[in-house]
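Number of protein chains: 2
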Amino acid sequence: MPIAIQDTYPEPAAHCYGCGRLNEFGYQIKTRADRDVTVTEFVPASYHTAFIDSTYGGLIASIIDCHSTGSAAIFAMHADGEEIGSDPSPRFVTAHLEVDYLAPTPLLPMRLVGSALEIKERKVIVGTELLVEGEVTAKGSAVLVRIDQD
Amino acid sequence: MPIAIQDTYPEPAAHCYGCGRLNEFGYQIKTRADRDVTVTEFVPASYHTAFIDSTYGGLIASIIDCHSTGSAAIFAMHADGEEIGSDPSPRFVTAHLEVDYLAPTPLLPMRLVGSALEIKERKVIVGTELLVEGEVTAKGSAVLVRIDQD
Numbered sequence: 111m112p113i114a115i116q117d118t119y120p121e122p123a124a125h126c127y128g129c130g131r132l133n134e135f136g137y138q139i140k141t142r143a144d145r146d147v148t149v150t151e152f153v154p155a156s157y158h159t160a161f162i163d164s165t166y167g168g169l170i171a172s173i174i175d176c177h178s179t180g181s182a183a184i185f186a187m188h189a190d191g192e193e194i195g196s197d198p199s200p201r202f203v204t205a206h207l208e209v210d211y212l213a214p215t216p217l218l219p220m221r222l223v224g225s226a227l228e229i230k231e232r233k234v235i236v237g238t239e240l241l242v243e244g245e246v247t248a249k250g251s252a253v254l255v256r257i258d259q260d
Numbered sequence: 111m112p113i114a115i116q117d118t119y120p121e122p123a124a125h126c127y128g129c130g131r132l133n134e135f136g137y138q139i140k141t142r143a144d145r146d147v148t149v150t151e152f153v154p155a156s157y158h159t160a161f162i163d164s165t166y167g168g169l170i171a172s173i174i175d176c177h178s179t180g181s182a183a184i185f186a187m188h189a190d191g192e193e194i195g196s197d198p199s200p201r202f203v204t205a206h207l208e209v210d211y212l213a214p215t216p217l218l219p220m221r222l223v224g225s226a227l228e229i230k231e232r233k234v235i236v237g238t239e240l241l242v243e244g245e246v247t248a249k250g251s252a253v254l255v256r257i258d259q260d
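First to last, the sequence lines map onto chains X and D. Adding 110 to a residue's 1-based position in the first sequence gives its number in this note's numbering. Adding 110 to a residue's 1-based position in the second sequence gives its number in this note's numbering.
Please keep in mind that the hints were generated in silico from the structure rather than gathered at the bench. What you are looking at is a predicted structure, and each value in this text was computed from that prediction instead of being measured. One or more hints might be untrue.
Pairs involving identical chains hold if they fit within one copy or between any two copies, as the list cannot separate such chains.
[Claimed, not checked] Okay, derived cross-link-like pairs now, DSSO-like style, lysine-lysine, Cα gap no bigger than 30 Å in a straight line:
(1) K249 - K233
(2) K230 - K140
(3) K249 - K140
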């Protein structure tokens, strides 16, 4: 399994509640390259409910958000011919996030698949499909902006 | 202080991780009418970080989401001449959510102010400004759809 981009973030970027490996209370999501897409798997907790049998929309937005920042770093590195885990990873933050909730998302493990819709030097746009049991229940689009790191 | 709309939701709608009064692990946000706008106050936890001194964007999206569903119910009731807390509250779910992150949001108490951008029988559009210490750091827009309740 390829290394997760979040495991390569420098320490100041590793405290995010959604994806920071150093945030012990957070979701600690992991996003990996899979050929020309990116993949994040996440298992919601029993209390991450909207209605009692569906997943909270804010959690869906949260996971899409961090999946998108990680995906942007992966896509930018691939575009520059860099190798995840060997070269320093750039860090992107979210400027704009959109989520379409297409159907109730069952409270089950989710799989997010990210595609690069645009890759520029300082801006990447990531499209995401969120699937549960193979069905797309939500779609995301995020504009990520590259930030300088110390 | 006027009653929070979430305290009037029927039981099946009161388990939401963001705004359900019966979800003991959730955020339990409270949204109240304030003349022609709606207001939600929320205090992030110390671990709701993006970078170490800023608030996680997924949390911001989450709070905007639930603030918007609650606001939609308030705006729909006001449009029908109904009184919050006396008449049964309708329930809205999110079809589309957008967030613009304008600046890093300090990890401090946040205030969300919602406005009705459109009110139709089964669809309400809510615009939200998120302020910390009086400064708008994020803006939201959500399309909410009314659902039938048992």
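As a check of your reading, is K230 near K140 (CA-CA no more than 30 Å) within one copy, between copies, both or neither? within (23 Å within a copy, 41 Å between copies)
When no copy is named, should K249 and K140 be tagged within, between, both, or neither for a Cα gap of at most 30 Å? both (19 Å within a copy, 27 Å between copies)
Identical-chain pair category, K249 with K233, by Cα at 30 Å: Both. Shortest intra-copy (20 Å) and inter-copy (20 Å) distances satisfy the 30 Å Cα cut-off.
When the structure is compared with the earlier hints, no violation turns up for any of them.
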